[in-house]
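Two chains, two frames, a set of hints: combine them into the complex.
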Amino acid sequence: MGLIEELKQAILTGDLRRAPELTERALGDGMSPLAIMELACTPAMLEVGDKFKKGEIYVPEMLVSAMAVKAVLKALEPALQSAPALFAASIVLGTVKGDLHDIGKNLVGFMLEGAGVKVIDLEVDVSPGTFVDAVRTHKPNFLGMSALLTTTMPYMQETILLLKEAGLREDVRVIVGGAPVTEEYARQIGADLYAPDAARAQEMLRALIS
Amino acid sequence: MALRHKEPDRVPFDLAGTVTTGIHRLAYRKLLDFLGIAEAEVRVGEIHQQLAAVHEDVLKRLLVDVRPVYSRLPAGWTPSFTDDEQYTRFTDQWGIGWRKPKDGGLYYDLASHPFARFSSPADVVNYKIPDPADPSRLLGMREAAEQLSKESGAALCLAGVSAGFTELAWWLRGFEDFLTDLVIHPDMACAILDKTLEIKLGFWEMALAHVGDSIDVVVEADDYAGQHGMIMSPATYRKYIKPRQRELFGRIKSYASPDHPIYIVFHSCGAIREIIPDLIEVGVDAINPVQVSAANMDTRQLKREFGDSLTFWGGGVDSQRILNYGTPEQVREEAKRRIEDLAPGGGFVFAAIHNVQPDVPPANFMAMWEAWREYGCY
Numbered sequence: 044m045g046l047i048e049e050l051k052q053a054i055l056t057g058d059l060r061r062a063p064e065l066t067e068r069a070l071g072d073g074m075s076p077l078a079i080m081e082l083a084c085t086p087a088m089l090e091v092g093d094k095f096k097k098g099e100i101y102v103p104e105m106l107v108s109a110m111a112v113k114a115v116l117k118a119l120e121p122a123l124q125s126a127p128a129l130f131a132a133s134i135v136l137g138t139v140k141g142d143l144h145d146i147g148k149n150l151v152g153f154m155l156e157g158a159g160v161k162v163i164d165l166e167v168d169v170s171p172g173t174f175v176d177a178v179r180t181h182k183p184n185f186l187g188m189s190a191l192l193t194t195t196m197p198y199m200q201e202t203i204l205l206l207k208e209a210g211l212r213e214d215v216r217v218i219v220g221g222a223p224v225t226e227e228y229a230r231q232i233g234a235d236l237y238a239p240d241a242a243r244a245q246e247m248l249r250a251l252i253s
Numbered sequence: 302m303a304l305r306h307k308e309p310d311r312v313p314f315d316l317a318g319t320v321t322t323g324i325h326r327l328a329y330r331k332l333l334d335f336l337g338i339a340e341a342e343v344r345v346g347e348i349h350q351q352l353a354a355v356h357e358d359v360l361k362r363l364l365v366d367v368r369p370v371y372s373r374l375p376a377g378w379t380p381s382f383t384d385d386e387q388y389t390r391f392t393d394q395w396g397i398g399w400r401k402p403k404d405g406g407l408y409y410d411l412a413s414h415p416f417a418r419f420s421s422p423a424d425v426v427n428y429k430i431p432d433p434a435d436p437s438r439l440l441g442m443r444e445a446a447e448q449l450s451k452e453s454g455a456a457l458c459l460a461g462v463s464a465g466f467t468e469l470a471w472w473l474r475g476f477e478d479f480l481t482d483l484v485i486h487p488d489m490a491c492a493i494l495d496k497t498l499e500i501k502l503g504f505w506e507m508a509l510a511h512v513g514d515s516i517d518v519v520v521e522a523d524d525y526a527g528q529h530g531m532i533m534s535p536a537t538y539r540k541y542i543k544p545r546q547r548e549l550f551g552r553i554k555s556y557a558s559p560d561h562p563i564y565i566v567f568h569s570c571g572a573i574r575e576i577i578p579d580l581i582e583v584g585v586d587a588i589n590p591v592q593v594s595a596a597n598m599d600t601r602q603l604k605r606e607f608g609d610s611l612t613f614w615g616g617g618v619d620s621q622r623i624l625n626y627g628t629p630e631q632v633r634e635e636a637k638r639r640i641e642d643l644a645p646g647g648g649f650v651f652a653a654i655h656n657v658q659p660d661v662p663p664a665n666f667m668a669m670w671e672a673w674r675e676y677g678c679y
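Protein chains in written order, with our numbering: chain A, 44 to 253; chain B, 302 to 679.
A few of these clues could be false.
[What the hints assert, rightly or not] Straight-line C-alpha distance at most 27 Å; calculated DSSO-like pairs for lysine-lysine:
1. A:Lys97 with B:Lys540
2. A:Lys97 with B:Lys543
3. A:Lys182 with A:Lys117
[What the hints assert, rightly or not] In silico negatives: residues of chain B with every beta carbon more than 10 Å from chain A:
4. Arg400
5. His414
6. Gln528
[Said to hold, decoys possible] Part of the chain A face toward chain B, derived, beta carbon under 7 Å:
7. Val102
8. Pro103
9. Leu106
10. Leu116
11. Phe130
12. Ser133
13. Gly141
14. Leu143
15. Ile146
16. Thr193
17. Ala222
18. Pro223
19. Pro239
Read the hints as simulated data drawn from the structure, not as lab findings. Ideal Cβ placement from N, Cα and C applies to all residues, glycine included.
Just chain B, same shape as in the assembly (with noise of 0.2 Å):
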């Protein structure tokens, strides 16, 4: 309902039903431990961010009203980690190398980008990637999905099978060639956004046509901004970037029916202030996490200038400043505050700015769900 721009009950409430809205799993050590429920094994489901795979019984019990669904690998792919002094390494599925360090790491980051040597968009339209479409990558989905809707009665949020065609673009280029590709060679920006784009078309007609049906929100994830603005311009992203995104989120809104909406979260980090109209033109339909610290992102002032067409999927707590180095009362105050900017007339789901950090303590994380469960009320 709060999709449609209805007022349910309550604000719904979002934890680890995206990628982008999860818990680390040092955070979620330390929350099992304040919650009392110190015994449960900790267990890591999505290895980049070093997410938690948080259990059922603790997403029933925080009264969390979503659950992801993800792909599975393809088959016969595995990825193999190496060791050196400092890292722990390892090369996804589309070429691109990763390493977290091994003294304290919390993240793997990018290690190598396959495209880096690349001259030019012949070398990487024979680039050889495993096929998006291939249908092990479904494996046991359908059933997943539809014994989780059963049992949890929650929205099921499916992942892409990569990062969002931008980021995916950067992260196999290298982030400063492809940004200076967009300017001196654009042929060769367009040939990657190209690949990048067919690798997302390829998934999201398989997995929809599969389990179109049974779920109910697409995630996609791609970063545009810092803090203090766009990283590229306005005109650059409506070149190059606006209209992909417009066929990719057409073919995926081409698999909803009436009775079955497919609503599209769209994750984008930093200060997006300036392309909120194209989003929302292209077929977005909630915005996350809204970076409220980034640049003119100040929540009320979003709701009233978007609020009609656009949901708030985040946005629950300043997580740069408060909800890690906060009081448990300023969390609270913070997380209310929020609540009465996005949640009126529906078009909000509770969530934390991005993924709990190992810096936020549990009795923070729990002041804000307490905050939630006293002001998300309708």
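Okay, chain A solo, but in the shape it has when bound (with noise of 0.2 Å):
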């Protein structure tokens, strides 16, 4: 098996001590981080991704996986100065004022980075005027905003109107996901994507990246 493929394989199980140690290996091999993330990361988490959605694999093997890439990241640091940009895209991220749950935020930001899109992780109880903020500090390719509750899922369309006001909702795609959101939602709130989970978040922004 090629380095890269083994690379590959150590992230799929989630080997968090094989995959850093692989990623050195490449590098010194002569290979390049964006190579590397391109090669080896991307592939392999398109894969879990595919497999999430099969019902192969759950939210701990998808975890294990994305922990897997950050080690390959971490390991990659040391060689960044020199190399070109890792990431194809960007996107800032966050859960909505007065929502403070992050779990399913988090997922689709692992499996975003994992597959070659920056992520600028805002995190929890995010209010509309900080993403905005944010979209014009970062100019992200896109805005992901996640709620699990029905009573905090309006602030979606607060972000979403204060984009418009402040002239800057046309530089930027705007996606939605959490349990009460659904495709009907994000259209009325005049959102571009809906994705029903961290797999199909990924699939669709790989779509739109390449």
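Below, the structure is given as structure tokens:
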């Protein structure tokens, strides 16, 4: 098995010891961080997403693969100063105001980061104003909002309205998700995309990037 | 009778009998105003979810058939609250940190996990917890239960000392760390589950020896599923969770007798269809909240498949879309449909799906209640 194939396997099985070791070996062999990202991390995490959609794996297995990718990214850090950007796109991500639930939002972040999308995580209880400021500052390709509660979900719409007022709505694609959110609700509030889970979010964003 | 799968005179109605069939203090305030009882003061009965302590005369007026019985905090322990710029915070008796946004916060949610930095099962074993079998937890419970039963004639639900043992495990460890433990450090996951199971066993053995003959229903709650499916695989559930459930529920049932059964109501949100047969096998009598908006949780099909051996405690109205956003007429139609699906042959306790949230208009709540009155008779 080639080094890249071994690294993919280490990510798929969540082998936190082997994944950074193999990354260092690949760097030592002269591979660029970008090549490692594109040839090992992204395909491995797309496969994780695919297996999740098919019901072959569940959240725990998805999480250990995400941890393995994090270990790879950490191992890549020293080589990054002289390398071109690792990520093909970026997303500002957060759970809306009043809502402190981060499980779904974190899963989306992990799956996207592993698949080549830089994640600017604003964490939880993020006000519409904070989302808009982050879009202005980071100029991401996407804005991702999550809500677990029907009582906090309306802040998604408020954020979109505030983006419009700030003249930034056309600069960013808005993707929303979370247990009570539906395709229909996403349309009603003027979001561009709705993803029922992290694997679907990954699939949609990858399709738009490439 | 409903729990014995017989048809009583009407479908029993639950509000506030458990901490997952309650009503948020703000929704309750609106309901009181709507009912013309504006002068009544609203107290919080359950702090994390900010559930109202529903007044006895309101329960009577709404013909509620169940009442909750709660244990106390251990003697000498009270939570202390602190405020920072953004949040009000407290640490619970197990060492778990909680916070509520000061600006418009509706609930306390998790803020910190005492097992987050633990690196070995020994750390878990050595972690000191307050005694779950501290007798001061039961102070006055028996008298309160007997009086409540005499005054209301309602069935009594005894809540656990904490969230379910799986939920408590990930509250202590952190959600992501606990789930990854299940895959890469199963010894750690098992040590945590053994610790939380010990809490449960200690409490239930003491409580049921004390009041087992005066309560009817024991409530346990974990969350195993999301909107679209199980969080962990059914195989993982069967390997790590189910054997411990079997032990816990078996021990609880050992306090029942032929003339005084104890029914186990088990709460899990989400799409749990795949493990319902397992839950029945380990002794669950009723499931709550029957989240009809989740995948494969249609009431008609669930009743057909499991109605002979399982009671549905909840499932009254979809609360993600209809109870909150629908018109009173839509609420009424939905409640009628769920009653038609779930009531035949008994085995149904009508309740909204999970706690009634502040986004529920009181007119919708009452439309639900009126539909239960109209269609819930046998």
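Practice prompt. Kindly indicate which numbered hints from before are broken by the structure, ordering the numbers from low to high.
Written response: 4, 6, 10, 11, 12
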